[in-house]
Amino acid sequence: MTPQLHYVLRLADTNLVLAQRLGEWVGHAPALEEDLGIANVSLDLLGQARLLLAHAGRLEGEGRGEDELAYLREESEYFNLTLVEQPNGDFGDTVVRQFLFDAWQFGLYEALAGSQDATLAAIAAKGIKETAYHLRYSSGWLVRLGDGTPESHARVERSLRELWPFTNELFDDDETDRAVAEEGIGVLPSSLLPAWTARVSETLARATLACPAPARFTWYGKQGRHSEHLGYLLSEMQSLHRAHAGAAW
Amino acid sequence: MSEAQKDWPLYEIFIRAKSGLDHKHVGSLHATDAAMALEHARDLYTRRQEGVSIWAVRSTDIVASDPAESDAFFEPARDKVYRHPTFYDIPDEVKTL
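Respectively, the protein sequence lines represent chains A and B.
Residue 1 is where the first sequence starts when you use my numbering, and the numbers rise one by one after that.
Residue 250 is where the second sequence starts when you use my numbering, and the numbers rise one by one after that.
No lab work stands behind these hints, which were simulated from the structure alone.
Any given hint could be a false lead.
[To be verified] Now the stretches of chain B that chain A is said to cover, found in silico as 3 or more residues with beta-carbon under 8 Å:
#1 278–284
#2 292–298
[As the list claims (entries may be wrong)] Straight-line distance between alpha carbons at most 30 Å, and here's what the computed BS3-like set of lysine-lysine pairs gives:
#3 K267/B x K329/B
#4 K129/A x K273/B
#5 K344/B x K273/B
#6 K267/B x K129/A
#7 K329/B x K273/B
#8 K329/B x K126/A
#9 K344/B x K329/B
From a predicted model like this one, the values you see are computed outputs, not experimental measurements.
Where is the CB? At the ideal position from N, CA and C, for every residue including glycine.
The task is simple: from the sequences and hints, build the whole structure.
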């Protein structure tokens with residue numbers, strides 16, 4: 001697998017897995033209005049994932065389209081960030097996961113809009129408007145919950161503590177990252193850290209929450225080594241396609 | 250936020266379809282505050298490019314006429330046809346009056 005294909009699959013899988021997670025909220029959100037809000041975010045991410053998967057399929061050149069890539073790859077062939085496969089938990093957990101992710105994706109798309117890969121650049125340029133809104137949505141909720149009641153503050157503080165260790169991976173440079181950054185195709189993850197930290201600290205302060213201490217451990221979902229949660233997510237997401245091969249709407 | 254409210258207040262939503270037109274009432278929704286009302290309105294009422302501008306107003310801030318008083322309010326206008334501009338001869342050249 002070329003570094004470029006690996007990199008595009010990472011972006012695609014990260015969006016796809018998070019879209020699937022957010023989709024689990026449909027019908028279960030705390031209010032009808034939030035149900036639609038979360039579904040909108042999910043559909044935005046899914047739309048980006050489809051473009052990225054189709055691009056990956058073309059780069060691979062073996063005739064696999066977005067459906068084959070989404071529905072017929074195993075857990076170890078998925079390269080999403082470990083953060084996004086974490087379970088929804090309560091609404092606060094979902095808000096924190098989304099906020100940490102949105103703040104990262106916003107910076108990523110800003111930089112990726114200048115990619116030498118014209119398709120990636122176009123997807124990033126289109127996606128950044130969507131991500132800007134997602135960030136506004138998740139930041140709003142984080143501030144509301146953090147600066148809310150004693151209970152909402154305590155719960156969202158716990159969510160932040162539990163999800164924080166997954167953020168190391170967002171800024172970790174591995175061989176693939178360095179290769180695509182060198183060619184001007186991808187963005188070096190570590191280069192996104194300063195702006196992300198500034199963005200996150202500013203919102204956490206408004207939410208009266210403290211930045212947790214850095215974690216020592218780094219996950220490597222982006223190399224196909226996942227937490228125990230991804231397998232269950234994929235088996236649910238892929239079950240229909242595997243039971244009815246080639247099913248279409 | 251001081252005291253937790255169990256029920257979110259209701260907001261009335263007005264959307265302007267395009268610049269130059271006026272805002273039209275499209276429905277209502279629940280939100281904890283004005284910023285959330287705008288976001289919900291965006292998610293609920295502009296998914297299909299329905300608008301370019303949103304107004305959100307707390308439903309309790311709207312002063313409404315009482316249906317029980319509609320006779321007193323509106324009946325007197327019914328027999329005053331002379332208030333309609335129907336007594337003018339309109340030139341044929343004028344198409345859009």
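Agreement of K329/B and K126/A with the hint, judged by alpha carbon distance not exceeding 30 Å: Measuring from Cα to Cα gives roughly 57 Å; hence the hint is violated.
Agreement of K129/A and K273/B with the hint, judged by alpha carbon distance not exceeding 30 Å: 26 Å, holds
Pairwise hint evaluation, K329/B against K267/B, where the allowed Cα distance is 30 Å at most: Roughly 36 Å between the alpha carbons, so the hint for K267/B and K329/B is violated.
30 Å limit on alpha-carbon distance, applied to hinted pair K329/B and K273/B: 28 Å, holds
Distance restraint between K267/B and K129/A, which requires alpha-carbon spacing of 30 Å or less: Measuring from Cα to Cα gives roughly 20 Å; hence the hint holds.
30 Å limit on alpha-carbon distance, applied to hinted pair K344/B and K329/B: 26 Å, holds
Chain A over the stretch 292–298 of chain B, status - at least 3 residues with CB closer than 8 Å: Holds, because 3 residues of the stretch 292–298 of chain B bring their Cβ atoms closer than 8 Å to Cβ atoms of chain A.
Agreement of K344/B and K273/B with the hint, judged by alpha carbon distance not exceeding 30 Å: Satisfied, since the Cα-Cα distance of roughly 27 Å is no more than 30 Å.
Within 8 Å of chain A's CB atoms, at least three CB atoms from the stretch 278–284 of chain B: coverage verdict: holds (count 6)
Hint violations for this structure: numbers 3, 8, all remaining hints satisfied.
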